[in-house]
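Trainee: The task is simple: from the sequences and hints, build the whole structure.
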Amino acid sequence: MAKIKSTLDLIMEKTSHMSLSDQEKAALKELELTRKGRGLATLFLNEDKDARFLAREIAQLPEQDRATAKEHCLKCFLERLSPFSGNERVLAGVETLAGQEERGRWETAIQEIAPPILQKQHASLERTEAAARESLASIGLNGPALKPALPGNRLWEEEKEALSGLFQEAVRKRLGRQGHK
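Under our numbering, the sequence shown has 70 at position 70, and the numbering climbs by one with no breaks.
Just so you know, these hints were derived from the structure itself, not from any lab.
Watch out, some of these pointers could steer you wrong.
[What the hints assert, rightly or not] Using C-beta positions, here's what the derived DEER-type ranges look like:
1) R35 - G165: 19 to 25 Å
2) A145 - L31: 40 to 46 Å
3) G39 - K14: 41 to 47 Å
4) L31 - A51: 42 to 48 Å
5) A51 - A130: 39 to 45 Å
Note that CB positions come from ideal geometry on N, CA and C, so glycine has one too.
Mentor: This is how it looks when you write it as structure tokens:
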């Protein structure tokens, strides 16, 4: 009776002579560290894990991989900064990974960059509300008691996302961090 081979067995037979180049191995290692760092940061930011867990997991990595994993965590933290809401969890993560001095640098950057972004947000909010009022008036809905609902408004959500991006980019430049995403 003939033996039935699995797809995996067939693939293993066909590729047994192949191996990864040093470049491919390095790329896979970088991808693994990216996933590890971002995964740890996400667990921390979503409050699934605490700062001790974050520090412990980074410390358990091989010494040559720690700095890279930390950098990916910090990039993830940078992507979660917001000029609109508290950044305490992000700053706590920065302090855990990079120390109190680095946290201070981030806080200073946020304090300097957020006010102009918030001014732009206010102006954008007024423009978006006016556009929403005009849209409602065009279908016969108007009056002083009418207040357009902005959460979920496509234009407002796009404006907020653009302002968050400007804020994150300005903080990134201020901190001298490498590009992210």
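Trainee: So which hints don't hold here, by number, going up?
Mentor: 2, 3 and 4
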